[in-house]
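Asker: These are the residues of each chain, in order.
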Amino acid sequence: MKEMIYQTVCPGCNIGCGLYVRENEEGTLAVDFMKSSSANLGKLCRFGMKLPYHYSKATSMVDGKEADIETAVKAASDKLKGAKNMAMLAVGATTNEEHLAFTKIADALGIVVNTGIGAYEEIPSECHSSISQGIPLDDIEKASRIALFIDPYVQYPLLVRRLLAAKKNGATIVSLACQDLNLADENVSVNPADYKTELGLDDNSMIITDVHPHTDPEQVKNLLNLALMTGAKIMFMKPFVDSTGVHLFGKTAGQMGLQEIMDGINDGSIKTLVTLNSDLLELMPNTDEAAKTLEKLDNLIVMTSRDSPVNEMANIVIATEPLYAKAGSFMNVEGQVLNNSGESTVGIDAMSTLSQNLGGEASDFQTIHNKMMESVLQKYTAPKYSELECKVMETAAPSEDGGNLVSVYNPFMWCDQTDDNDFVIVNMTMVDKLGLRKGGMISLTSDAGSVNMRYTVRDIPDGLILTMKKLPVITGNTTEVKAEAV
Amino acid sequence: MVEVGDMLVGYATDENIRSRGASGGLVTAVLAAALEKGLVENVVVMKHINEFEAVPIITDDVEEVLASTGSLHSVPVNLAKYAMGRKVAMPAKPCDAQAVIEQGKRGMIDLDNTYVVGLNCGGSMHPVTTKKMLIEMYDIDPEDVVGEDIEKGKLIFKTKNGEEKAIAIDELEEAGFGRRESCRFCTLKIPVNADLACGNWGVIGDLAGSATFCQVMNEKGAKLLGNAIDAGRIEVQPASDKAIAIRAKVNSVMEDLGNTLEKEIFPDIPDEERMQYYMEQMEDCIDCGACKEVCPVCACGDDAKCTMFHSLVDNYKMSMYHMVRLLHLSDSCIGCGQCSDVCPSDIPITLLQSRFAIPSQRRRDYKPGMNLDTPPFFEVMLK
Ligand SMILES: Cc1cc2nc3c(=O)[nH]c(=O)nc-3n(C[C@H](O)[C@H](O)[C@H](O)COP(=O)(O)OP(=O)(O)OC[C@H]3O[C@@H](n4cnc5c(N)ncnc54)[C@H](O)[C@@H]3O)c2cc1C
Ligand code: SF4
Ligand code: SF4
Ligand code: SF4
Ligand code: SF4
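Order-wise, the sequence lines are chains A and B. Residue numbers 22 to 507, in the working numbering, belong to the letters of the first sequence in order. Residue numbers 267 to 649, in the working numbering, belong to the letters of the second sequence in order.
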């Protein structure tokens with residue numbers, strides 16, 4: 022076999038960084054820089070550079086035994102026919118076309134595809150387009166003032182250069198991220214009620230925040246209000262390669278968030294779960310707890326292009342081609358449709374068969390793609406909403422002998438991939454309080470267990486402990502932990 | 267008989283290749299002949315996607331070689347790494363050829379089995395910047411561009427409807443467009459370090475635009491060219507004295523420009539401010555490692571000194587990674603610009619590496635990537 026070169030998009034977040042994947046004669050993968058890609062000029066972050074580790078080929082399985090994809094699809098059809106208490110989940114980690122083909126299966130079953138972001142259900146639908154609609158990344162460079170509610174270095178690294186360019190053009194940056202940002206002119210901590218008066222935003226400003234499966238809807242509302250009141254543009258960054266696409270093309274009504282799906286499984290109202298490139302073991306804050314929940318399912322049917330941990334637990338795995346090889350497109354956070362050069366339709370064909378077996382419509386790549394392109398033009402709307410009512414957001418004060426462990430969600434965390442992030446961040450006050458020694462460790466204990474971690478010291482608010490990695494002690498976005506020196 | 271030192275003007279005998287070629291298709295024909303006649307097993311060429319995008323491929327298919335005609339000024343890749351571990355022929359800008367030789371010094375490329383067809387290089391541009399420049403400066407839709415050329419200090423774009431528009435490179439660079447920063451201070455314009463040095467400078471009279479000036483730099487070059495003549499792929503004739511003089515004149519103007527720009531690009535920094543300067547420039551680094559991965563002279567694998575001593579848990583003001591790289595590349599950095607191109611934080615890493623490397627290279631009268639005569643010196647001067 023000759024070397025294959027694929028033009029594709031990094032699945033690490035929704036910035037949509039273009040790249041080449043080179044697959045040599047032995048099947049070894051390497052990334053190469055695609056300098057003509059307007060979202061990233063070919064530049065990639067740590068995650069993008071490590072993509073060869075991320076793309077691991079999945080194997081189709083039925084009841085723990087290797088199977089061919091046809092057998093797996095047939096087995097899935099048999100399980101789904103007449104099944105009750107079903108749910109479907111696709112967070113947006115594959116192509117638009119696969120998402121739409123997956124939606125046809127949902128139509129055949131009379132259910133919706135959940136994209137896992139619970140916040141949407143809590144926010145009036147007239148606001149949804151403001152959250153999902155893309156804004157050109159170039160606009161960041163033109164803003165005169167930027168309020169940051171994320172840490173670009175860690176969470177969405179290809180924003181860093183945009184922000185630096187904005188500064189060169191005269192912008193000032195105020196950061197409300199959980200650690201001080203080098204590129205910010207001001208690093209502040211402001212109560213949501215005071216955003217409007219304290220942040221100095223106007224209609225030449227931009228608010229940059231994000232929305233993901235564990236986002237607090239109250240914060241989204243606060244920021245939508247801030248945008249409304251100041252006239253600032255608001256940009257919601259998103260974590261998955263097609264996060265923008267799935268919200269634009271999917272059905273937004275009756276959606277469940279990841280936590281609700283887990284609650285549904287725990288209370289028995291969901292017995293069969295079908296997922297598309299969405300591994301709940303990776304996506305939920307606590308892997309062990311998620312595993313315990315998924316064990317309660319009667320049927321777990323996983324369609325995936327990656328070999329991820331949930332495949333081991335699934336009753337059926339329908340393994341599709343790797344993401345870079347698929348025919349299809351993604352929509353990035355700007356609303357740009359980015360096409361893969363790959364031509365394989367294994368995944369779509371499998372979903373088409375499954376849909377037909379269930380009495381639904383067939384899916385053919387070209388038809389879906391054309392329809393999708395037509396709706397790109399139709400769906401854009403100007404934001405229209407009025408001020409939203411917000412609850413007061415409270416974070417429990419950390420106890421005397423501990424702190425609040427907060428996850429800084431980032432591309433590695435969303436897929437629980439190893440990185441050089443095996444440490445937590447604390448501030449000097451905590452070092453003094455706990456008597457942490459240089460080269461020593463910090464022990465963190467919560468209801469979920471205990472872990473010893475290396476630590477590094479940065480300027481962060483008192484009582485906070487930050488992690489960029491999934492830890493077994495985590496129980497939610499913020500976990501109260503007992504901290505000790507070891 | 268082709269001999270070392272020959273200065274020739276030539277073109278592809280196949281009319282189609284000749285007309286598609288950047289200037290006569292000689293380079294393509296030489297590469298194709300090397301493959302056809304078994305001089306090499308593979309050829310590295312650029313596979314065109316569009317005017318602003320191409321991807322290097324390693325091929326043993328003559329048709330793919332023949333399809334790769336044309337110079338892509340807006341595809342600033344370095345080709346050296348694609349030549350590793352193979353018996354290949356390749357086109358090479360001066361910086362590609364330099365990197366091939368640096369890799370050769372470190373045993374990563376077998377120079378006896380690597381045939382390097384050098385291309386003169388006045389500079390390359392970033393594709394996205396070029397598209398923006400076309401819209402803002404040329405009033406041309408990038409989609410309409412079918413070709414480009416550099417002539418008499420002007421950058422010329424040709425469009426679908428047969429029109430041409432030229433703007434002085436100086437003017438473009440003043441407006442923030444034009445060549446990449448590394449190309450502005452690059453002074454190796456004719457690849458005398460390659461086996462053949464090809465370009466359109468010195469192609470005059472009737473042949474202008476449809477032939478290539480080619481200097482035979484060494485025995486391998488003579489073999490390459492002789493092979494293409496024997497295969498009936500090219501025709502050559504001796505270059506006239508006038509042609510040789512014009513080529514030398516343009517080259518010296520370009521070298522002077524590079525030297526002038528170097529002074530502008532690297533203003534002096536007082537010794538006591540140097541450390542602070544490097545730290546400030548690198549403070550937005552996200553440690554992605556792309557600058558190492560892309561570096562065409564870096565011969566270390568995954569377990570490299572720069573990554574081995576570096577961990578994100580450390581709180582150094584400037585990372586160990588960069589400290590080690592500054593030192594380690596001081597004898598090999600060729601200022602090719604690849605690291606700046608791929609840096610996600612837009613850190614001018616090429617400028618930093620070059621600022622660090624150039625003084626010690628100069629003191630030794632050592633220019634990396636020129637020949638195998640002098641081994642790498644690895645001496646550091648904190649200047
Ligand atoms: C970036 C660039 C700048 C140049 N600037 C000058 C100049 O200022 N003065 C001058 O005399 N000549 C310059 N040249 C060389 C000139 O344009 C012709 O390539 C040369 O005259 C040979 O012409 P040809 O018709 O024989 O080449 P062709 O037969 O058309 O073959 C061209 C070869 O170049 C390769 N190639 C195309 N783009 C690139 C690239 N970006 N990097 C590496 N290889 C590439 C192709 O794969 C192909 O093998 C430049 C070339 C490049 C690529
Ligand atoms: S993770 Fe996001 S920022 Fe990083 S390379 Fe991938 S798409 Fe770009
Ligand atoms: S660094 Fe020099 S040789 Fe390389 S592309 Fe730029 S001008 Fe050409
Ligand atoms: S350090 Fe940068 S400029 Fe120097 S050779 Fe490497 S990639 Fe080129
Ligand atoms: S490419 Fe840029 S951000 Fe990445 S390691 Fe190098 S200097 Fe740092």
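Careful: at least some of the hints might be erroneous.
Claimed, not checked - Just a few of them, taken from the derived set where beta-carbon distance is under 10 angstroms, the chain B residues facing chain A:
hint: 1; residue: Asn282
hint: 2; residue: Val328
hint: 3; residue: Ile510
hint: 4; residue: Ile512
hint: 5; residue: Asp534
hint: 6; residue: Asp550
hint: 7; residue: Val560
hint: 8; residue: Leu578
hint: 9; residue: Met589
hint: 10; residue: Leu593
hint: 11; residue: Gln604
hint: 12; residue: Asp607
As the list claims (entries may be wrong) - Keeping only pairs whose Cα atoms sit at most 20 angstroms apart, straight-line, the calculated EDC-like set for lysine to aspartate or glutamate is:
hint: 13; chain 1: B; residue 1: Lys583; chain 2: A; residue 2: Glu162
hint: 14; chain 1: B; residue 1: Lys313; chain 2: A; residue 2: Asp201
hint: 15; chain 1: A; residue 1: Lys490; chain 2: B; residue 2: Glu501
hint: 16; chain 1: A; residue 1: Lys23; chain 2: B; residue 2: Glu307
hint: 17; chain 1: B; residue 1: Lys633; chain 2: B; residue 2: Asp612
hint: 18; chain 1: B; residue 1: Lys353; chain 2: A; residue 2: Glu24
hint: 19; chain 1: B; residue 1: Lys424; chain 2: B; residue 2: Asp410
hint: 20; chain 1: B; residue 1: Lys558; chain 2: A; residue 2: Asp440
hint: 21; chain 1: A; residue 1: Lys86; chain 2: A; residue 2: Glu316
hint: 22; chain 1: A; residue 1: Lys71; chain 2: B; residue 2: Asp568
hint: 23; chain 1: A; residue 1: Lys189; chain 2: B; residue 2: Glu485
hint: 24; chain 1: B; residue 1: Lys398; chain 2: A; residue 2: Asp441
hint: 25; chain 1: A; residue 1: Lys71; chain 2: B; residue 2: Glu307
hint: 26; chain 1: B; residue 1: Lys583; chain 2: A; residue 2: Asp201
hint: 27; chain 1: A; residue 1: Lys71; chain 2: A; residue 2: Glu364
hint: 28; chain 1: A; residue 1: Lys163; chain 2: B; residue 2: Asp537
hint: 29; chain 1: A; residue 1: Lys459; chain 2: B; residue 2: Asp580
hint: 30; chain 1: A; residue 1: Lys189; chain 2: B; residue 2: Glu549
hint: 31; chain 1: A; residue 1: Lys86; chain 2: A; residue 2: Asp328
hint: 32; chain 1: A; residue 1: Lys189; chain 2: B; residue 2: Glu440
hint: 33; chain 1: A; residue 1: Lys490; chain 2: B; residue 2: Asp580
hint: 34; chain 1: A; residue 1: Lys188; chain 2: B; residue 2: Asp550
hint: 35; chain 1: A; residue 1: Lys71; chain 2: B; residue 2: Glu559
hint: 36; chain 1: B; residue 1: Lys398; chain 2: A; residue 2: Asp201
hint: 37; chain 1: B; residue 1: Lys426; chain 2: B; residue 2: Glu437
hint: 38; chain 1: A; residue 1: Lys23; chain 2: B; residue 2: Glu559
hint: 39; chain 1: B; residue 1: Lys515; chain 2: B; residue 2: Glu501
hint: 40; chain 1: A; residue 1: Lys188; chain 2: B; residue 2: Glu307
For the record, the hints were derived by calculation from the structure and aren't laboratory data. Every residue, glycine too, gets a C-beta built ideally from N, C-alpha and C.
Asker: Okay, which hints does this one fail, numbers in order?
Answerer: Per hint list: 1, 2, 3, 4, 5, 9, 10, 13, 14, 15, 17, 23, 24, 25, 27, 28, 36, 37, 38, 39, 40 violated.
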